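Please build the complex by placing chains B and C on the supplied structure of chain A, with the hints as guidance.
Residue numbers (this note's numbering), protein chains in the order written: chain A, 1 to 524; chain B, 1 to 303; chain C, 1 to 349.
Keep in mind that a hint or two might mislead.
Unchecked claim - Below, a list of computed lysine to any residue pairs in the SDA-like style, where the Cα atoms sit at most 25 Å apart:
no., chain 1, residue 1, chain 2, residue 2
1, C, K231, A, I349
2, C, K211, A, R288
3, C, K211, A, R273
4, C, K231, A, Q182
5, C, K231, A, R273
6, C, K131, B, T111
None of these hints come from the bench; they were simulated from the model.
Please read these numbers as outputs of a predicted model, since none were measured by experiment.
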Amino acid sequence: MKENPCFLYMHDISKQYHVYGQTTQALDHVDFSVRRGTVHGLLGENGAGKTTLMKILSGVETGDGGEIFLEGRKVQIRNAQDAIGLRIGIVHQHFSLIEEFTVLENVVLGREKVRWPGVVDKKKIRSEVEETMKKSGLVLDLDRKVGTLAMGEKQKIEILRLLYDDADILIFDEPTSVLVEQETRQLLSIIRTLKEQGRTIIYISHKVDEVLSITDELTILRAGHSVATGLTSEQDADSIVELMVGKKVEREMPRLPVKKGECLLSVKDLSVREGGVQRVKGVSFEVRSGEIAGIIGINGNGQLELVNAVCGLVPASGGQVLLKGEDITLDPVLKRRQKGLGYIPEDRIHVGSCSGATIAENMEMGQVENGKFERRGCLEWKSIRGWTAQLISEYHIKAPDPDTLVGALSGGHIQRVIIAREFSGDPSVLLAGEITMGLDVESVRYIHSLMLKMRENGKAILLVTSDINEILELSDRILVMHEGRMTAVLENGDGLSKNMIGEYMLGLKDQFAQGSTEKKVTLA
Amino acid sequence: MSIWDNFFYTMLSTSTPIILAALGGIMTRQVGMFNLGLEGMMTVAAFVSVYLTSITGNLAAGLFGGIAATVLLGLFMAFISIRLKADIFVVGIAANALGTGLTTFLGLLLTGMQGTMVFKKTPVLPAVVIPYLKSIPVLGPFLSGHTVIDYLSIILPVVLSFVIFRTAFGYHARAAGLNARVAENCGISVVRHQYIAYVWCGIFCGLAGASMSMPIAMYAGGLIGMTNGRGWTAMAVVILSAGNPVVALLASWVLGAISALGNVLQTNGVFSSRLVMAFPFLAALIGTAVYSCLQKRKGSLNI
Amino acid sequence: MSRKKQAFLQLAVVLIGLLLACIVIMVCSKTPLEALRYFLTGPFSSVYNFGNLLSYSVPLIIEGLASALVFSASVWNLGIEGQMFFGMLCGTFTACQLSQAPAAVGIILSVAAAFAGGGAAAWVSAWIDRKFSVNIMLSTLLISNALSYIVMYFLEGPFNDPRSASGTCSPKLSTRFMLAKIMGNSDLHTGIFIALACVVLVWWFLHYHRKGFEIIMTGQNRRFAEYSGIKVDSIIALALFLSGGLAGLGGMVDILGVHGKMRCMMTGFGWDGVSIAMIARNDPLLVLPIAFIFAFLEKGVESAALFSDVSPAVAQMIQAVILFFATAQFLFRRKRAAGKKAAPEGRTS
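One chain only, chain A, in its complex shape (with noise of 0.2 Å):
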């Protein structure tokens, strides 16, 4: 048994998932050592192991074998309380918030400090959480419901949840995957701020240029498998690209240039009211045939809902949609889709698929009243599943037969299953909602080339991204939203940066709002 002099040395972990029927092995006998005060970064892809790396660490899950020693001594960490005990935190990559609760009785959740019989003691808590929100710099409204907060601000409870517990080992999970420029700037700022205090980084991304830029050292994960380790010094961009993928990996295809068409999806002050709140307020666009417009904001500035009003799921509180000229504001969604509007959710998992329901049904589902395969109401499942036979193959699904459950299939193949599902329908315009998050880079590679070759066939795409580098990547034209509003209308091309984008994602620039252009927006 090795002894590492290092703070956290984690030895020979292994996790195996059963999910459907399939067994996935996470993590295969995995070593990772961190040095005390150091920003540690844990770089692979999606799928790679990272999380579930330090989920084990934090209590969330328990290895299947493994040691964890700290400071050379052996620890048991079986559930998140023997994680906080060790004083290890983690910032969830989906936040571990109570929406019901306010910020203060987030914060202390599952730590309140109590009087007899067990009443909590606000005023001793409230004290306390203010005297660590002046020491770290961090300022939130301690008594607002959860709910109502922006993404940024609620990842800054989790920091601060952490603070109060004080905790001597923080971990990172993807955290700028919700962030936008500025704020991302000030995460970093905080990040180095915490490591002058002596505390302990491990910062999980597969953003490479992060990474490097912030750490000290780092790791790469890749299937399970621990690849490289080393000073973040000595480490460049390409060949880290090259471990995190296990192959040399290509430039993407460019983006050529297309004649652009007629408009085929017109949005004409559309507004969107949900439980109460005005979520999109009057906006209006068009997208062109032979044109991908990609719209893109802080998460929960409505580009999810205008992408519902468009779709028909949700319906309009005011303004027209209108599919090549013609008015689908009231139309039901099926009528939309038999129109030509497809639509590839965000949620590819609870929206866009049945987990528990066979390729072949999935598949079918996109026949909905189209008769295609059936004779007077009864179904032709022999024709159906030939034709899904097809449909596998054409799309490289990694399925061994039509009939295999769509829940036992991969992030990227689930998305395969789905997108062929809409282009069979030949649609003139497709919708897509953060088409490739956590997926892996082949799977990235390949969704972005079939968005390509659709434009390049006068598809009309209107594609809803968080991910700056997609948007730049795929866009022809990029639409920002901010509050609900559409704040810039901008042509992809040399002379735009992320911190612009930035600037109309934060709603510190508008295009269109009347008076001033310039706001002030304190950021805490």
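This is chains B and C only, laid out in the frame that chain A set:
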């Protein structure tokens, strides 16, 4: 007692089993488990408590025995749902079936009686006359003279409200129900809270069941027995109150009032007794519809 | 896990339940072997008994199908008992009005009336959900309970047959409307063929018909169904109507086959059907054997109670125990957090 006193008196005593069962439902709903088996739990409690009272001659033994039996049933249900991962709705319905079957079976086995069982020479849960309460003008005559359990049914919602919204336990339980993943990440054992919830549900349903059989030393089983669909009205109250015990108490009183009103109408020959029995269910339905409409208007559908 | 394997496991659970029944019977009886003998062989001991066993399974099969269909849509129709009861009233009333009509007409119309009545009673909940966002599980329950009392009022009052011996039932139906008996002088009637036909029909509908497919998909993932363009509201209404209709049909077939009049008592067939469907995991083909086993449990225990000292309540207890374990996922090793089912507040979702 005048008609009105009679009316309010009936209202309070009829609402007792409803609010108590609803409290049990609130406890489980809080941790994210919707217990459909309130009927079954009440049936078991009603039978066991009156049976134990009759063989021991001791009211306290009967009451606690009934509660213990119901708690056991609750733990069993929790175990099957949590550990064996059975569907929570199915477990609730199975509990109802088991409750009816088990009580009929044990009834015949232990007492030789079937259907409506009258327990002779058995102490009856007495009506408590509180002289101080009785002398309050207007309210007095119907506030006094109820059983211990009836009074508990008024006090417990207030206590429970305090526990749910002001104590750490309450916060943890609510967090477990609102988002189990988040609760676990914060060091809260969701499973532990789920078991505890079922224990409390057992206690409250135990009280509810005992409140029906012990005051009259009788038990009526079968498909339409003593519990008479009250478990379902309690469920409606749980939904209506959105988990707030005091609101549940008020809702139960309203339903109790409607039952009492039905009684009045029935004795005056306006409606037949059968039709009158349908009133509480229709009232609960209308109440829930009104509640949902109000929520929709407010914009948020229930938090 | 394949669907076949699942089916076998379900049946295994039921058979273990039967074993448990045997044990309980032996333990509780002063003459264990004799009681066991009556339990196991009683229903098969004669043509008469066997016929009664089959006849008893008829309403159970149809009620099981009713629940299986609606649960496939993930719609929790817990009011089957009341819908059945109401459907039976409509059917019996129709039959009494048509007492002069020819047999075929009488049977078909009264069965249709029972179907329509039960279906309407269930469909109302879909309408209430759409208009007032009241959870369907709750409204079917409440309406069913209220309806039961209203029906009883009619049977004891305006629709009562004063000449009958028991005093609480409807007037007798014309004997021409009774379904033909087919096994000696037992209760078994041609309704068994209706039940078998229903099994095939429901199975075919769910797996091969477009609307049935939409019902299953809506049940599996409602948001996905919505997104695919399925009119989820209509599907839910359809599923409710069909299930209420089948419920009424089942009760009516029992009247036409066995009783010849409607009695003012809750039979419990509706709730048995709910249990059967849950144990069969909503598979129409599994409903058939499980309903039969339920019938066997009842009749076997009845026989043991008659000739030995066993309590008739054993059957219901064992059914409940089987139900407890029927959906235990630990058998299928699927990851599912306990209590993940959302509290059914507001809109059914």
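Each hint tested on the structure:
1. Annotation: proposed proximity of K231 of chain C to I349 of chain A holds, straight-line Cα distance about 20 Å (limit 25 Å).
2. Our distance criterion of 25 Å between C-alpha atoms is broken by K211 of chain C and R288 of chain A, whose separation comes to about 37 Å.
3. Between K211 of chain C and R273 of chain A the CA atoms are separated by roughly 32 Å; this puts the pair beyond 25 Å, and the hint is violated.
4. With a C-alpha separation of about 44 Å, the suggested pairing of K231 of chain C with Q182 of chain A is violated against the 25 Å cut-off.
5. With a CA separation close to 22 Å, the supplied pair K231 of chain C and R273 of chain A stays within the 25 Å bound.
6. A distance of roughly 50 Å separates the Cα atoms of K131 of chain C and T111 of chain B; the hinted pair therefore is violated under the 25 Å criterion.
Hint compliance for this structure: hints 2, 3, 4, 6 are not met, and every other hint is.
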